[in-house]
Each structure stands twice: as structure tokens, then as C-alpha cells.
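S.K.: Just need the whole structure built from these sequences, with the hints factored in.
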Amino acid sequence: MMMEKLWFVIPEVVLLAGVVIVAILGLVSSTWLRSRVPWVTMIFVIGAGVSFPLVFTDEAVSKSTMLLPGLGRPMGMIACVIAVCLLLLTVGRIDRKYEQAIAEGRDRFDPLRSNKGEYYVFFMLSLAGLMLTCSANDLIWLFLALELTSLPTYVMVAMSRGSRRAQESAMKYFFLGAMSAAMFLYGFALLYGATGTVELSAMRDALADQAADGGISMLAVVGMMLALLGIGFKLAAAPMHLYAADVYEGAAVHVTAVLGFIPKAGGAVAFMLLLSTMGWLDGAALPMPILILLWVMAVLTMTLGNIAALLQRSVKRMLAYSSISHSGYLLIGIIAGPGLGFSAVLLYLFVYGLANTGAFAVLASLQREGREIESIDDLAGLRQKHPGSAIALAITSGSLLGFPPLLGFWGKLALFIAGIASGHIVLVLIAAINSAISAWYYLRLVGLPLMSEPSERSETIDRDSSPWPRFTAIGLAASMVVLPIFLAGIQDETELPLTSDEADAVALTDDADQDSSGF
Amino acid sequence: MTGTTIAIRIAESIPAVPAVPMADVVEATSHWWAGFILWCPLISLVLCGLCAAFRVKSKLPAWITVLSLACSFTFTVILGNLEDVPERINLFEWIAVFWSDGSFVANFALYIDSLTILWMSFVTGLGTLIALYASEYMEPDLGKGYARFFAGVSVFLFAMGCLVMGDNLLMLYLGWEGVGFASYWLIGYYYRRPEAVAAAKKAFIVNRIGDLGLALAIYLIWATFGTIQYNELMTLLDEGTYATVYEHWSVEAIPYLLMLAAFGKSAQLPLYIWLPDAMEGPTPVSALIHAATMVTAGIYLIARMYPFFLLEPTSLHVVAWVGGLTALLAATIGMAQYDIKRIFAYSTVSQLGFMFLGLGVLTTYGASYHVFTHAFFKAVLFLTAGAVMHGFAGQLDLRKLSGLRRMKGWRIVAWTMFVGCICLAGFPFTSGYFSKDAILAEAFVTQGPGFEILGWIAIFTAFLTAYYTFRVWCRVCAGPVHFEPGDELHDDDHHDDGHDEGHGFHPHAPRFAINFVLVVIAAGALLASVPYFMTNEVSDIKGGWIADMVNDSTAASGIPGHAEHPGTIAHDHSGDHGHHHGSILGMDPHVAMYYISGVVGGVGLFLAFWLHLWRRQDADRLRSWLLARAWIRWLPVAMENKWYVDEVYHALVRAPLWLLGHIFHGFDRYIIDGLLVDGTARLPRLVAKWFQPLQNGMLQSYAITMAGGAALIALLMILMMQFFEGGGVQ
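These protein sequence lines map, in sequence, to chains A and B.
When we follow the numbering used here, the leftmost residue of the first sequence carries the number 1, and every step to the right adds one.
When we follow the numbering used here, the leftmost residue of the second sequence carries the number 1, and every step to the right adds one.
I should point out that these hints are in silico values taken from the structure, not numbers from a laboratory.
Note that the Cβ used here is the ideal one computed from N, Cα and C, for glycine as well.
Where hints are given, some of them may not hold.
[As the list claims (entries may be wrong)] Not everything, but these chain B residues come out facing chain A in the computed CB check (under 8 Å):
1. Val46
2. Gly49
3. Glu93
4. Trp94
5. Ile95
6. Ala96
7. Val97
8. Trp456
9. Leu699
10. Tyr702
11. Ala703
12. Ile713
13. Ala714
14. Met720
15. Met721
[As the list claims (entries may be wrong)] Once the Cα atoms are required to be at most 25 Å apart in a straight line, the calculated SDA-like pairs of lysine to any residue come out as:
16. A/Lys385 - B/Ala28
17. A/Lys385 - B/Ala53
18. B/Lys202 - A/Met451
19. B/Lys201 - A/Leu443
20. B/Lys201 - A/Glu453
21. A/Lys385 - B/Arg192
22. A/Lys385 - B/Arg148
23. B/Lys201 - A/Pro387
[Claimed, not checked] Here chain B is said to cover these stretches of chain A; the calculated rule only asks that three of the stretch's residues, wherever they fall, bring their Cβ under 8 Å from a Cβ of chain B:
24. 78 to 84
25. 235 to 247
26. 288 to 299
27. 414 to 426
28. 475 to 489
M.R.: So this is what it looks like as C-alpha cells:
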């Protein structure tokens, strides 16, 4: 048992080794060494990513007692791929003014004032938290892992920009995050009370017994509800989404890109783990109250996200709201359950992570007098001076919209297929309508840069002094076009192997759904 | 209302994946290198792109393209020699979407049978030669559009490869759209010329209509049969157990939709109008894409999906009639044009019509053979026209050029054009003679509505073809030396002081690359009659190598004499022996056609020599005589104005669409944008106004809202639990 746990945390150990080294490197007075910090971080992230297939071999996974043992490998690899993109985006952006001052001899290096190492340390810690979430097998581990995912991001937001806005949004993010943590911790406590165990597999058995005895206890349902609502904060799912727009806007672009993926993925994984304890037991679907909760969350999340995005003039706020709506789509896959549903969630996280990072990379690649561009009007006619960024923005937006044949389309298709296959046609219809609404603002991100004439505002935009955000954006945009060719391979990787009793359960659920009208 | 409804599976009896794959299709994993037939042009595309990015000023892009296409050709030839049964070569998994009771699988795989090899051999072979020709032809653009041109050619070859070699309909569709895109790219190559841009758009938009048909057909095929892979489809059609499906409307609709696609891409009535305009592109493009290869994609499509057409025989009658009428119409227009390239363009439309006629009268062999020979002789005709255009500063008016064969350096052009002309005219014992006869004879053999009339129309068209073909040659290549340059003078022509005919213009004769390619392709055009005399295994008809090639493919049931050929089957029932039953002038049509078409070709040729070489004034006299007679006046006028088809389309299609567009624009602007969007934008804004207090940036109110939201949802859950009576909860 202990050995198993240690074996499965090898990737995290790799990352933690990286944390130590990067923390030291960031404080070295040599400019050359400090400028290598992002690349060293990347080596460790890649190392962690490579270790996943070695650690989570089919044999090791089949022997594991974890609730969803197949989750670790695809999620870990997806996280590492996206993390590399997120890191590429930051090259030359962290501590830029301070490093410039040192390079020009205006300032001396003072380890106390340098944030460079810290940023990457926190980044890796957050990533490690996400990976630990995947291998959680009890509530306490799950709680700690989720908090490890979130806590570093609070600091990252605070230090991402010198301005007070960043600090203001960090404060909001921290306090609201604490509130949500309290909420889901309370939920965990109730779940423990209802089942008498903190271990997820044991909890599943206990709940299965309860279900067989005439129904899951009210205490467990309420506990689960609180847990889901609290973790909904990580996903930015309604009604816990309110912080997102402010925080995303306040943080620097490269941090916003991180916020758009890592906590969200952690939340989605926690959802899948928790729901697997209660749902899909012995052929039953989710308990009705939980299903209703998820439905309401999904519908509210996508609708509120999309409608609010329609009204934004600020590109970052627009993307923030759009990422809220994507959480709503993700919930469809979670509702659909193990098998098609969870596989679709993993695929969508990958697809969405790439496209979202790409869109933020475009924003990071542009600047006006050292400040980030804000308004959507800044993007008008971008193609004339920055054709690469304009095309990258158009392609990534198209992918976020789910425009065939771009990668995003396949992600959404998988989610919708899973939703329909599990009988939630109405939900999929609502999602489809939302997709249509989202076209309105995504197409603006396609049309304005490519087709409009440049305005006076957009004339003054320059490219960022670091080429890496631009390369990242163009590379990610290219991947939106190229990766669909290798879709079958990606799907093989994101496919969650079902344990045998789960497979039975899914088969039974399908049968059970045949005659329900697809609520 | 569950997952089962995703697939509109019309016949429940059809399994999503057939248990037994087509018996004689093998998985040829050891032939993985065949993928390089596709990858070579793709690599060349990337390298040409790099050349463009680094502003290479040399001929490097041309050599890259020629080399990579030559590699493709070599691989094709090797594959053709190794291949003896249809085989699948899986390159990689592409799309595989599964759900509880269905799937959509499209692998990036190659389906290689002899039809594929036949098509790919002339596509890659001519592609290589024409790229070589273009290396010289495109010289004036060195350093400007040179790399862009060759990148376009590479895209085209890659897409054409996908179209022809793909193992499923989605790859065919990818290639279909890909060649359309390449065609748009290359027609609009001179993008500073408004005519070129307009022509590119026209080609793209008209093709869109056909592509819609293809997309719908693929969808219907998938919905009906649950697969889009050729071998699985053919297995399903082979097995008689799916008889219930045959009754279904979609089986009747599929051939018509495929036909629409074929008519768009292969420029048939009513969608042929884009092809003549496509001549705005550089001439090598006209030769490669708009004469030899891309436009035959429609014939390939129908030949490949022939079993679907046999399920619905009426569809083949439509194909035959459309083909025959297009052949006649285009030939009459071609007779009255003065622009050499346009004449050849209409001639291409007309010849494509012959091929469709062949498909319609149940001879896939004749159609394929004509595709094969036509690829060579039409390519050589376009390339000679290109050489003339290149040398005479864009001059293409046949009234302003004469006596080319007597000019120094132009003899090769004149005589290769002659070779192309006799093949196109169907002069006895040339390749065009044999391939055209295979179609014409079958029009008299096969029973069908008015097929005999169609046969006589085709013979008349063959006569017109011989006439307009030699009209060009007699005007341009024969006769006294005389020329006027066009208006595309290159810089190096300007500072040549005039001492020759007062023009100040030297036609620059083609150099090695152009002459070499012309000779090779002209030789190919002549030698294309050789396959006809090769012994073939299909015993019943004379067809040689091509008949064998078609016989080993999915188009086999369209070969006269094949066991599954409808004519043959019909005869087995009636007890006749052999499959010949029609006759012309009391003879077997196949024999009679040798004489008829020889005579008809000869008469047309004689007429052309008379009117356009020996007594050119007679041609003008004939024209003014016709124009002076009120009762016949309309004929030459209508022919010269292309039967006013463009004008009719403008009035019937473009103008209404334009009007509709403006109405929609107004509607969009004032109703949608003005009323609804601004209105609805006000609505969310109003909603946002309600929520604005919630989104006010205040931490406390966020916390309260979140907690309140959670509480509201909890309340809702409790209410709903009452409603659903517990829902599995104690």
C-alpha cells in the first residue's frame, strides 16, 4: 500500500527535485544562470511527463487499488504538455523590468527582490498538486492536493504584475478560494460522517451498500453537494465562478493562461474521483439530487459564461468568461460518466488547454509601451503588422469555438457524443445553442484581426520583446490544424480503461437509459 | 432519444463493421513506402514554402518540385509492378469515433487497385514533366511568384494523390477539396489581374455546388451503410443479403449526388462554365490541372463508385445524356472562338463529355482509356499553346499568328502541336481514335433511352472536333509567316530596337526544357495507342492493358463483357451469345466505328485545311454569308457568344442571388443588427444590469453571492427531490 503510493508519486518527486534546484538557481547572481531558469524548469516538467508512461504501466495500473487508476497517465501527460506550452509563454517575461535594469547596470541583483525563481517554483508546485490530485485515494490526500494546486496560483497572481490590480485580484482570489475550501472540506467531513471512511474505494463500497439498502443517506448527498460546489470554484463553475473575470483580468497574461488550465484540470479530476464514489454504482446512474446539481451547474456555467463574454470589450475578460463556459461543457462529460464521458473530459482538457494557452500566447506576444493590450479594438487589422499573431489568434479562437476541422471541434464532438450516448440530449442541445452564442464573440476574434482595417489604436501595437510568446502562439495554432490528423492516437491515450465492474455498470446504465426520456 | 439515434442508421440489418472484409483485398503493410507517393509532394510543398520565405531567386523550387514528383512517379511505377490484387496500405489512424452502436472510421490509408495505379501513373508522370516545363515557362517570375507557383503544384499533387489513392470517401473528399483549393490558388496566380481573380473565384464557387453534392453523398453513404471505406462498401454491395437497402430512397439519391460532384469538378452541364475562365492561370496549370488530371476526378469518382450507379440504372442514362450534350455544346462553342487556349478549354469540356458518355453507356473501360489518352494529347496541346504565349508576349489570337512551322526554333512546337491535334481529332490509328471509338461504339451497343441518337450526336461532335482542332493548327502553325505580339511585353523585349517587321519584337523561341517536355509528351500521346494492342485477359472485348487495369478494380462491372456487366447479364437471360446486339449500317458497331469515325475525322480535317489553310478567304466569306442571312445569322453569333450561357446564368442565378444578398444584408443590418442584436444586446445588458451589483468587484458581495447561489441550488435540489420522490436517496 505504502509502496504503491510511493511508486505512483515518482513524477511528483521529479518535479519537487526541480523545485529545489530552480529555487536555488533563481537566486544565483549570475544573469546567465538566472536566464536559464525557465528552460531548467521545462526539463523537469518534461522529465515528469516522460516518467508517467514508465510509472503508470498497464501492469502497475491494473494492480492498483485506486478508484480511477487509469486517470493518472493521460492526465499527467496532458498536464505536462500544456505546462511546457505555459512555460514557453513565460520565457523572458518574468521579472522583465528588474532584469533589464540589471542588464543595463542601473540596478544590482538582490535575491530578496527577485521573483524569477519563485514564479517557476510555484508553477511546478501547482503542477505537482494537479498530478497528486489524480493519484488521490482518500479525502485528505484529495484536499491537500487540491490546495497544493491552488495555493501557489494565489501567489503567482499577486506577483505577476507590479500593479495594485494584481494584488487586489490576488486578495479576492485568496479569500474566495479559502471560502470554497472551507465549503468542500465541510462536505468531505459530512461524507466521512456518512460512510465512516476517508478512503475513496472504501467509500464507494459503503455507498454501494447504502444504495442497495434502499438509498444513499441524505448526509452523504449533502456532503457531496457541498464538496462539488466547493470544488466548483476550481473549475470556475457557476455559482462559484464570480471571481474568475476579475482575477483573470487582474493577473498578467501568462498567469491567466495558467489559471485557465491547471486549477481547472484539478477541479475536473476531483469531480470525476468524487462522483465515482457515489455514481454509477451497480448499474444505477448518479443519484438524482447530484445529477440535478450537476445539470444546474453545467447549464448555468455555460450560459452565464457565454452571455457575459458577449458583452466584454476587454479581450482578457472575454477569454475569462469563455473559459467559464468551457467548464460548463466539461461538466457534460462528467455527467456522462466513466467510459465515453471521462475520456471525453480528458480529451477536452487537452484540446481546450492547448487552444486557450494559444489564445493567451497571442495576447502575450503583443504589447503597447510595455503594457498588455486590453481592448478588443486593439486587435483590429492586426494582420497588417503582425500576420503571425493575427492568424494564430484566428485559429485558436476557431478551435475554442469548435470549428471543424480544428482540434477544438473534435474535443467538443467527443463531449457531445458522450452526452448523447448517456441520454442527456437536452443538455447537449443547450450546449450546442451555447456554442452558437459563443460563435458571436469568437468570430469577432477571427474577423477583427483578419478582416477589419487597422484603427488608430491598433497602429500603436508592437510585438513583445521576447519572441517566445509569439512562437508559442504560432506553434499552438499550427497544432490546432495538425493534431486532428493524429486524433486517433490522442484518443487512444485519453481513453480511460474501465475496470470490469465499471464496464458492467456502464452497460447497465445504457440499458436503463433506453427508456428514460433523457432528462 | 438515446445514443442510438446519433447514427441515422437507416437499415438496422447492416452491421457497423462487416464481419468479412472484401475477400480479395489484402492489407499490405510491407508496402508502407507507397505513402511517399503522397509525402514527396508534401515535402516539396514545405521546401517551396521555405524558398518563398527566404526569397530564393534561383530555380531551386522548380528542381525540388520536379525531383519530388519524379520520386512519386517512380514509387507509383514500382507499386504498379508489385501490385497484383487490390490492397490496403494503412499509413496511420486518422479519425476513429466510436459510440455504443456505431462508428465513424476514416484511416489515413491507401486503397491500391489497378484503377488507382492507372490514374496515378499519368498524374505523377505528367506532373513531373509539366513541372519541368514550368521551370522554364515561369522564368519571368523568378524570385517573385516562382516558389509560390511550385508550392501550388505540390499542393495539387498531394491532394490529387489523396483523392485517387485514399482508402475511404473522407480521404477522397480531402483530396477533392484540396485539388479545388490548389486550382483556386493557381488560377489566381496572377492575382494582380482582376480577370484572374474573378476566374479563380468563379472556379471555386461553381465547384462548391458540386462539392455539396459530394458531402451529402458521403453522408448518405455513411448513414446507410455505416462505413465509408471502399472495401467494406464494395463487400456490402457484393453481398446480396442487403437487398432491403436497395429499396431505400438514399440508394437512389446517392448516385445523383455523386454525379453532381462529378459534373462540378469535371466541368459538365450545367456546371462547366468555370473551366474556360480557368485559362487565366499560367498555362502549365491549364495543362496539368484543367486538362489532364484534376478535371478527370469526376470520371474517377464515378468509375470508383460504379456499383452504386448500377443500383440505379437511370442515373447512368442521365450521365450519358449530360455527357453527350456537353460534348456537342462545348464543341460548337469551341469552333467559333479565336483564343487558342479557350478553344482547347472548350475542347477539354467536350472531351470530358465523351468520357461521361462512356460511363453512361456502360463502358468504364472506354472512359478510362479516353481519360488516359486525353491526358497526353490535351497536355501537349496546352503546352504548345503555352510556348506560343510565352514566345509571343501573351498572344493567343489565332488570327494574329501564322506560319509557326516555318519559323526558326518553332518547328518542335509546330509539329508536337500537330501530333496533339491528330490525336484529338481522332485521326485513324492515333490514340484518340481508339479510345474515342471504344465509347462511340458502346453508345450503339448499349440499350438505353435514345442512346442511338446520342451515338450520332457523338459522331457529329467527333466531326466538329476534327474541324476545330485543325482550324487552330492550320491558322497558327501553317500558312505564311505572320505574327503580332501580345501586350505582355517583358522588360528584355523593350530595349530591342526594331529592325524586324517594324515590331521591335523578337518572339523568343522555347529552349531545352519546354522542347524536351513537348517531345516526350507528344511521343506519349502517340504511344498511348500501344496499350490498345496489348493482349488482355478480359477475353470478350478488344481493350488491351487498360481493360485489364479497369477489370481489377471497383469499376470492373462497367466493362462490356464482364460477368457483372448489366448488358452481359441481360444477354444471359435472353439466350443470345456474345454481348453485341446493336448494329450500325448492318455491321457490328465496334467494326463499323473504325470506318465511320475515320471518315468523319478525315472530313473534318479536310474542311479545316480548306477553310483555314488553302483558301483562308473562304472562311471569312462563309462567315459573312452566314451573317447576312437572317434565318441562320443567330447560329454563328450564338456560338461566338458561347450560347449566352454565362449571360443566362447571370440573369437566372447571379442576379437573383445578388438581389437576395442585398435583401439579406438589409435585413441583417436593420432587423437583425438594429432590432434584434441591439435589442437582445440590451436584454443581456439588462440582465447584466441585474447581475452588475453582483459583479461589482467587492469581495464581500462575491462571497455572499456564491454562498447564496449554493444555498439556492441546495433549495432547488430539495424541491426536485420532492418531485422525483427521493431519487434513490434515503
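S.K.: Confirm or reject each hint.
M.R.: Checked hints:
1. Restraint check, B/Val46 versus chain A: the minimum CB separation of about 12 Å is more than 8 Å; hint violated.
2. The beta carbon of B/Gly49 is not positioned within 8 Å of any beta carbon in chain A (closest approach about 13 Å), and the interface hint is therefore violated.
3. Hint status for B/Glu93: holds, given a least beta-carbon distance of 3 Å to chain A, under 8 Å.
4. Restraint check, B/Trp94 versus chain A: the minimum CB separation of about 6 Å is within 8 Å; hint holds.
5. Because the beta carbon of B/Ile95 sits about 6 Å from the nearest beta carbon in chain A, less than 8 Å, this interface hint is met.
6. Proximity of B/Ala96 to chain A holds as hinted, the smallest CB-CB distance being about 4 Å (cut-off 8 Å).
7. Among the interface hints, the one on B/Val97 holds; its C-beta lies about 7 Å from the nearest C-beta in chain A, closer than the 8 Å criterion.
8. A hinted interface residue such as B/Trp456 counts as satisfied when its beta carbon comes closer than 8 Å to some beta carbon of chain A; here the least separation is about 48 Å, so the hint is violated.
9. At about 5 Å, the closest approach between the beta carbon of B/Leu699 and any beta carbon in chain A falls short of 8 Å, and the interface hint on this residue holds.
10. Taken as an interface hint, B/Tyr702 checks out: its beta carbon lies about 5 Å from the nearest beta carbon of chain A, inside 8 Å.
11. With a cut of 8 Å, the hint placing B/Ala703 at the interface with chain A holds, because the nearest CB-to-CB distance is about 6 Å.
12. A hinted interface residue such as B/Ile713 counts as satisfied when its beta carbon comes closer than 8 Å to some beta carbon of chain A; here the least separation is about 6 Å, so the hint holds.
13. A cut of 8 Å between beta carbons decides the hint on B/Ala714: the least distance to chain A is about 6 Å, and the hint holds.
14. With 8 Å as the threshold, the beta carbon of B/Met720 comes within range of chain A, its nearest partner Cβ sitting at about 5 Å, so the hint holds.
15. Hint status for B/Met721: holds, given a least beta-carbon distance of 5 Å to chain A, under 8 Å.
16. Only pairs whose Cα atoms come within 25 Å are accepted, and A/Lys385 paired with B/Ala28 is rejected, the gap being roughly 50 Å.
17. For the proposed pair A/Lys385 and B/Ala53, the alpha carbon gap of about 17 Å is at most 25 Å, so the pair holds.
18. A C-alpha spacing of about 21 Å is found between B/Lys202 and A/Met451, which places the hinted pair at or below 25 Å, so the restraint holds.
19. Note on B/Lys201 and A/Leu443: the hinted pairing holds, with a Cα-Cα distance of about 23 Å set against a maximum of 25 Å.
20. At roughly 23 Å between alpha-carbon atoms, B/Lys201 and A/Glu453 fall within 25 Å of each other, so this suggested pair holds.
21. The suggested pairing of A/Lys385 with B/Arg192 holds, with an alpha-carbon distance near 22 Å, which does not exceed 25 Å.
22. A distance of roughly 22 Å separates the Cα atoms of A/Lys385 and B/Arg148; the hinted pair therefore holds under the 25 Å criterion.
23. Straight-line distance between C-alpha atoms of B/Lys201 and A/Pro387 comes to about 23 Å, which keeps the hinted pair within the 25 Å bound.
24. Requiring three or more residues with a Cβ within less than 8 Å of a Cβ of chain B, the coverage given for the region 78 to 84 of chain A is violated, as only 0 such residues are present.
25. Counting residues of the region 235 to 247 of chain A whose C-beta sits closer than 8 Å to any C-beta of chain B gives 7, which meets the bar of three, so the coverage hint holds.
26. Requiring three or more residues with a Cβ within less than 8 Å of a Cβ of chain B, the coverage given for the region 288 to 299 of chain A holds, as 7 such residues are present.
27. Evaluation of the coverage hint for the region 414 to 426 of chain A: fulfilled, as 7 residues show C-beta separations to chain B shorter than 8 Å, against a requirement of three.
28. Check on the region 475 to 489 of chain A: 6 of its residues sit with their Cβ under 8 Å from a Cβ of chain B, so the three-residue criterion for coverage holds.
Checked against the numbered hints given earlier, the structure breaks hints 1, 2, 8, 16 and 24 and satisfies all the rest.
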